[in-house]
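Enquirer: What follows is the residue order along each chain.
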Amino acid sequence: MSLVKPFDKLPTLNAATILLVGTDESQQQQLAEAILKEKKTFKINIHVATSLPLPAERDHIRPRIDLIAFMINMQSKHSLRNVEASLSHMDANFFLGKVCFLITGVGRMNHCSVEMNAVRKLGNLYSSPVLFCELDSEGIRAATAQRLLRMLQICAGHMPGVSALFFSSLMKSSIDE
Amino acid sequence: MRRSGRLSLRRRQDMDTPDSGGMTPLGRKTAETGINITSTTGYSRGLTFIRTHTLFGQSPTRRIIPQTSLLQENADPQKIAFLLRKQWTLYSVTPMYKFSYGNLKEYSRLLSAFVAAEKQKGLAVEVGNDFGIKVTLSTLLGLKGTDQDQVAILVQIASRSQLPFENAEDKVVWSGWFCCISGDDLLESVPEDFTCLSLFLANGAESYTAIVGSWFQKTFDCYFSRLTISPLNLAWMAAMWTGCKVDSHMAATELVFSVPCIPQSLDISYAIHPEDAKALWDTVQKTPGEVTQEEVNLFMDCLYSHFHRHFKIHLSATRLVKVSTSIASAHCDGNIKILHSKHLIGVLTLLTELAISQIQ
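Residue numbers (full-length UniProt numbering), protein chains in the order written: chain A, 1 to 177; chain H, 1 to 360.
Think of the hints as simulated: they come from the structure by calculation, not from any bench.
Some clues are possibly wrong.
Which chain H residues face chain A? A few, computed with CB under 7 Å, are given here [said to hold, decoys possible]:
id: 1; residue: Pro-60
id: 2; residue: Thr-287
id: 3; residue: His-310
id: 4; residue: His-314
id: 5; residue: Ser-316
id: 6; residue: Ala-317
id: 7; residue: Arg-319
id: 8; residue: Val-321
Heads up, the beta-carbon is just placed ideally off N, CA and C, and yes, glycines get one too.
The whole structure should be built from the sequences, with the hints applied where relevant.
Expert: The structure is reproduced here in structure tokens:
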């Protein structure tokens with residue numbers, strides 16, 4: 001059982017890796033396919049996991065992970081608890097912009113078991129962007145895939161002059177001022 | 001099932017205080033970070049008012065359970081008994097325009113004619129036959145949370161008995177009642193001429209509900225919509241009602257969960273001995289008379305982990321659809337059954353709050 005660290009491996013040339021963590025495997029599969037369909041200029045590796053920590057046996061062949069996206073389904077409290085448990089198995093350096101939360105299932109308010117406060121607190125506590133997306137709809141899935149791809153490009157350092165630390169500006173809301 | 005052995009409870013530290021108070025933004029606020037529409041005006045008339053849960057989709061972090069929420073003295077016990085132990089379908093109603101309590105007899109007459117006409121549509125019946133339907137509107141005294149609340153209204157459709165006896169009673173085929181308990185937030189912001197009776201409960205044939213609803217909508221320019229209860233609110237109800245003291249026989253607390261499976265969904269029913277449930281709630285609740293979101297979460301998490309230990313099923317991944325306690329039972333489709341008159345006001349206060357938050 002190893003801690004996932006952002007900078008302990010060398011980056012591969014013109015490639016980036018994203019890790020999707022969540023309990024709903026079919027949704028992860030669909031999102032991964034949507035990401036692969038997008039036009040991109042670099043090679044992309046998508047790793048999926050149900051929870052952290054990742055098994056230590058394959059650690060040496062795993063590439064450096066540039067972005068971790070935690071998927072939380074508002075209709076299942078189990079997914080929230082799973083993500084909260086996984087967050088403790090990560091190196092603190094990851095939270096400098098290399099983590100984001102994908103929240104799905106908000107569209108059907110009558111089926112929500114997770115309260116909005118909990119999700120917002122999670123985003124504030126870990127200083128990471130919270131993206132609301134309805135991954136059941138194909139259009140939104142494609143849009144989310146494009147966003148993730150853009151974020152991945154920045155996190156992997158492919159954009160000169162832009163670093164993952166800039167994502168914290170996404171999270172400022174005017175109420176805080 | 002009776003709990004055996006001890007369940008160790010991990011008390012979580014209180015998180016920092018959540019957002020509370022503040023001005024309501026005009027219009028909906030999206031939950032996406034960084035996008036905001038905030039109102040900079042002061043107390044303006046219209047739809048702005050201060051509430052603790054102002055943002056989209058948020059539920060309140062704490063709810064106060066009033067300790068002395070008894071029916072007022074002028075309540076008619078027979079009428080109140082009529083409201084209990086029946087399955088009611090919930091609707092939320094927008095404020096009604098120019099509804100007057102003095103014209104109830106007139107409204108009864110008009111509604112009778114309307115119901116008879118609707119029922120006769122498409123039938124070849126001779127003119128003048130009133131079809132044996134009688135509608136009565138009456139007030140339900142005593143169902144008030146605060147003094148500003150409007151008096152509740154009961155609507156009943158009775159079919160005239162066909163028997164020739166003079167004292168043969170009419171059979172009530174449909175009943176519905178409007179009420180609004182502690183709807184202060186809405187009452188303050190609503191202009192004159194509007195009556196706020198936000199909660200509507202109906203029992204009887206769906207066709208009659210539709211007819212009565214459409215008459216009210218046409219006459220008073222209001223809108224009825226089905227009030228559904230989310231799993232979050234059902235969890236609140238489970239926690240709040242388990243904590244209520246019941247003098248007479250306590251029924252088991254039963255929770256029904258729906259598991260989305262293909263092809264047919266699976267239902268899991270989880271029944272807890274009422275004394276165990278109350279004992280668990282008593283250890284979780286810190287301040288008597290106040291319930292917080294964390295306490296509700298902790299209560300439900302304890303129940304889920306107990307179930308998981310025995311059956312290895314994560315109930316937190318399923319959807320809570322029905323809650324039954326000794327006080328009342330509620331279904332997510334918007335059905336409710338209240339069992340005790342002592343807690344009637346408490347249950348109605350919560351339902352009014354849900355109805356008002358749906359109308360906004």
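Enquirer: Take the hints in turn and mark each one as holding or not.
Expert: Status of each hint after checking the structure:
1. Pro-60: Since the shortest Cβ distance to chain A is 10 Å, the answer is violated.
2. Thr-287: This hint is violated: H:Thr-287 lies away from chain A, its Cβ roughly 19 Å from the closest one there, beyond 7 Å.
3. His-310: violated, 17 Å
4. His-314: Constraint on H:His-314 satisfied, holds at 5 Å.
5. Ser-316: holds, 4 Å
6. Ala-317: holds, 4 Å
7. Arg-319: With a closest approach of 6 Å, the H:Arg-319 hint holds.
8. Val-321: Violated: closest Cβ of chain A sits about 10 Å from H:Val-321, beyond 7 Å.
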